[in-house]
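A.B. asks: Use these hints to put chain B onto chain A, whose structure you have.
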Amino acid sequence: MARMATTRRVVVSTIGAWFFGFLIFFPILWMVLTSFKTELEAFAIPPSFLFFHWTTENYATVQERSDYLLHAMNSIIIAGGSTLIALLIAIPAAWSMAFSPTKRTKDVLLWMLSTKMMPPVGVLVPIYLIYKTFGLLDSRIGLVFILCLGNLPIVIWMLFTYFKEIPRDILEAARMDGATIGRELVYVLTPMAIPGLASTLLLNLILAWNEAFWTLNLSTSNAAPLTTFIASYSSPEGLFWAKLSAASTLAIAPILVLGWFSQKQLVRGLTFGAVK
Amino acid sequence: MKHVLGAVCGASALLLAVPAMAETTLTIATVNNGDMIRMQGLTSEFTKKNPDITVKWVTLEENVLRQRVTTDIATKGGQFDVLTIGTYEVPIWAKKGWLVPLANLGADYDVADLLPRIKDAVSADGKLYAAPFYGESSMVMYRTDLFEKAGMKMPEKPTWDFVIDAAKKLTDKGAGTYGICLRGKAGWGENMAFLSAMANSYGARWFDEKWEPQFNTPEWKTTLTTYVNLMKEAGPPGASSNGFNENLALFNAGKCAMWIDATVAASFVTNPKDSKVADKVGFALAPNTGLGKNANWLWAWNLAIPAGSKKAEAAEKFIAWATSKDYTKLVASKDGWANVPPGTRTSLYQNPDYLKVAPFAKLTLASIDAADPNKPTVKPVPYVGVQYAAIPEFQGIGTQVGQQFSAALAGSMTVDAALTAAQSATEREMKRAGYIK
Chain A
1 MARMATTRRV
11 VVSTIGAWFF
21 GFLIFFPILW
31 MVLTSFKTEL
41 EAFAIPPSFL
51 FFHWTTENYA
61 TVQERSDYLL
71 HAMNSIIIAG
81 GSTLIALLIA
91 IPAAWSMAFS
101 PTKRTKDVLL
111 WMLSTKMMPP
121 VGVLVPIYLI
131 YKTFGLLDSR
141 IGLVFILCLG
151 NLPIVIWMLF
161 TYFKEIPRDI
171 LEAARMDGAT
181 IGRELVYVLT
191 PMAIPGLAST
201 LLLNLILAWN
211 EAFWTLNLST
221 SNAAPLTTFI
231 ASYSSPEGLF
241 WAKLSAASTL
251 AIAPILVLGW
261 FSQKQLVRGL
271 TFGAVK
Chain B
1 MKHVLGAVCG
11 ASALLLAVPA
21 MAETTLTIAT
31 VNNGDMIRMQ
41 GLTSEFTKKN
51 PDITVKWVTL
61 EENVLRQRVT
71 TDIATKGGQF
81 DVLTIGTYEV
91 PIWAKKGWLV
101 PLANLGADYD
111 VADLLPRIKD
121 AVSADGKLYA
131 APFYGESSMV
141 MYRTDLFEKA
151 GMKMPEKPTW
161 DFVIDAAKKL
171 TDKGAGTYGI
181 CLRGKAGWGE
191 NMAFLSAMAN
201 SYGARWFDEK
211 WEPQFNTPEW
221 KTTLTTYVNL
231 MKEAGPPGAS
241 SNGFNENLAL
251 FNAGKCAMWI
261 DATVAASFVT
271 NPKDSKVADK
281 VGFALAPNTG
291 LGKNANWLWA
301 WNLAIPAGSK
311 KAEAAEKFIA
321 WATSKDYTKL
331 VASKDGWANV
341 PPGTRTSLYQ
351 NPDYLKVAPF
361 AKLTLASIDA
371 ADPNKPTVKP
381 VPYVGVQYAA
391 IPEFQGIGTQ
401 VGQQFSAALA
411 GSMTVDAALT
421 AAQSATEREM
431 KRAGYIK
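Here the protein sequences line up with chains A and B, keeping their order. One point on numbering: in the UniProt record's numbering, the residue at position 118 of the first sequence is 118, and numbering is uninterrupted. One point on numbering: in the UniProt record's numbering, the residue at position 184 of the second sequence is 184, and numbering is uninterrupted.
None of these hints come from the bench; they were simulated from the model. The C-beta atom is built at its ideal place from N, Cα and C for all residues, glycine as well. You may find that some hints are simply not true.
Here are some, though not all, of the chain B residues that point toward chain A, as calculated from beta-carbon distances under 8 angstroms [to be verified]:
1. 34
2. 60
3. 241
4. 244
5. 335
Now the stretches of chain A that chain B is said to cover, found in silico as 3 or more residues with beta-carbon under 8 angstroms [said to hold, decoys possible]:
6. 15-29
7. 36-44
8. 119-133
9. 219-233
Straight-line Cα separation of at most 27 angstroms, DSSO-like style, residue types lysine-lysine; simulated pairs [as the list claims (entries may be wrong)]:
10. 310(B) x 132(A)
11. 437(B) x 132(A)
12. 132(A) x 76(B)
13. 96(B) x 132(A)
14. 132(A) x 356(B)
15. 95(B) x 132(A)
One chain only, chain A, in its complex shape:
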């Protein structure tokens, strides 16, 4: 009897999980389906789910009109570069705050987070002027820099939380064995924090990939990443939903695939330390 109840519960929760999973995934599925429709079918009322005339025409048009590879390459460089630099700065910062806290550590953490409290548009004009003066407008390095700065507080906070979970005794044992700070960081702390590091890296990569305020405002053509590629297909006057869907599908494909393959790490990292 008890076993039956358990089986039933498993079945119900599995169905429930699939249902909610499908519900959350549906907008993305709909976008992918729309990208294979003609413009007329894209806004047909009632909409057709699977039985429509499948076409790859939108992808061909998008390919013809814009340089997808250039935009994708820019996205990879900007998101990847900003994430790596942010991690290089954040690891020592989080390490020092987690293992040798001072009485100001909490204030410092809060101060870092406070930089995220102002909407970015509030500093658009000063940043724009600085970038203009230093010739950083429409440059990849400029975008790497601003995205790195923008995400740094989140990266430090996440790493700080992970590092806090690592027992100090292990570090002390390493010190007893004569490890220097550098060795301690590289050989003891980093391997233990790998799930946390991996999920921070992935999350930051996704945030940087999707960042659409600075990338739209500080780039024109040379450094324009996939966000501007999508923005060029959106229009308030004219129905280009199928083409927009095709462009969006192309834009999210790389990061979706990356997320798919690394979901194990991501989930492990995000729930790291949840169970004591």
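C.D. replies: Below, chain B without anything else, positioned relative to chain A:
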């Protein structure tokens, strides 16, 4: 040593020679619409004639583009050489000295051929600050088959009474057909474009001669009450989130008996590739109430040169090409006369080839002629612009007011409350900006 010296000399000579041979690269910012995309596709025709110029395109969604370009021009960032801007921006930016006047468009450009209303909208102090690429007004698009079935005939200049009556009669909610589709989505360029134009026809205005907001007047109350009641009775469900695209989709799917919107929609709704009702669409002027103003707006997308550009000469060459009569002919030869950018030149409306394929041409021209940006309302106003007031504060105010009116349409607010809120929000902004005390 000799070799090294030679190499250095050679390299320097090459370096020095580069600027002389250098190409001018123009960066052009533009919106994503059919006509602009077509222009991108035809750029090679321009570069063939001007081998020393290369062109880079930055295409963005309208609101993103507006923000992007405004930041760049206000900071003199110099990222763009040609901008696509609306008639709203031209007078404001010209006054601030942000645009280069277009004085060298060439002998065969024929400025006098530009439609007078459109030319007025892109000029300041008698100088042309932008060249119109395509122009539009708004008009009634209606289903001839539904009107015939109901035994009604749409007059060429309908009154609001007729439109309201017809909308109610043609509504068949059971069959999913609605008498009228109008914009309801909040935004200065969305519902407020339509409502400001509608208000003009009811004798209302945004501001009086002393810049006092006028939402507490009976004219605005009549406008908003009529609009909300009409949409409740004869509009599609969820109209408060419908903009141009949503209504276009509804009309093309055969759900609307009438739709009052941009004249540029005429070529979409009559195109059998996009529309299910392509052969059943008729056109009429936007409605009036007999006070002398129709409920239609005036808008044009224009090409202009920002004051920060170092390549003004090449930029002007491009603008002259893209807005010339020859460009129109080029589009016609490649994609047919139905696809040429409309609403900018008188000669287009005298061209028999165009008139043959564009049944909406006559009404587009009549609509544009009926909208005077310098005298948009029944009573006098201190501002320029039909469906907007060309002052920098208008975008913010217009969107705030639009949100109130959209809420009134959704039923979450009464008409009176929406008007009171609109009045106080506008008063506050106008005081802050120093127009009134």
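A.B. asks: None of the hints should be skipped; say for each whether it holds.
C.D. replies: Evaluation of the provided hints:
1. This hint holds: residue 34(B) has a C-beta 6 angstroms from the nearest C-beta of chain A, less than the 8 angstroms allowed.
2. About 5 angstroms separates the beta-carbon of residue 60(B) from the nearest beta-carbon of chain A, less than 8 angstroms, and the hint is met.
3. Because the smallest distance between the Cβ of residue 241(B) and any Cβ of chain A comes to about 13 angstroms, over 8 angstroms, the interface hint for this residue is violated.
4. Because the beta carbon of residue 244(B) sits about 5 angstroms from the nearest beta carbon in chain A, less than 8 angstroms, this interface hint is met.
5. Residue-level restraint check for residue 335(B) is violated (minimum Cβ-Cβ distance to chain A is 15 angstroms; threshold 8 angstroms).
6. Residues of the segment 15-29 of chain A with a Cβ under 8 angstroms from some Cβ of chain B number 0, which does not satisfy the need for three, so the listed coverage is violated.
7. Counting residues of the segment 36-44 of chain A whose beta-carbon sits less than 8 angstroms from any beta-carbon of chain B gives 4, enough to reach three: the coverage restraint holds.
8. Given a C-beta distance limit of less than 8 angstroms, the hint that chain B covers the segment 119-133 of chain A holds, as 5 residues qualify and 3 suffice.
9. Proximity of the segment 219-233 of chain A to chain B, defined as three or more residues with a beta carbon under 8 angstroms from a beta carbon of that chain, is established by the 7 residues found.
10. Between residue 310(B) and residue 132(A) the alpha-carbon distance is near 15 angstroms, which keeps this suggested pair within the 27 angstroms criterion.
11. With a CA separation close to 38 angstroms, the supplied pair residue 437(B) and residue 132(A) exceeds the 27 angstroms bound.
12. Of the pairs offered as hints, the one joining residue 132(A) and residue 76(B) holds, with about 9 angstroms between alpha carbons and a cut-off of 27 angstroms not exceeded.
13. Only pairs whose Cα atoms come within 27 angstroms are accepted, and residue 96(B) paired with residue 132(A) is accepted, the gap being roughly 21 angstroms.
14. This hinted pair does not check out: residue 132(A) and residue 356(B) have alpha carbons roughly 51 angstroms apart, beyond 27 angstroms.
15. Simply put, residue 95(B) and residue 132(A) have alpha-carbon atoms about 24 angstroms apart, close enough for the 27 angstroms limit, and the pair holds.
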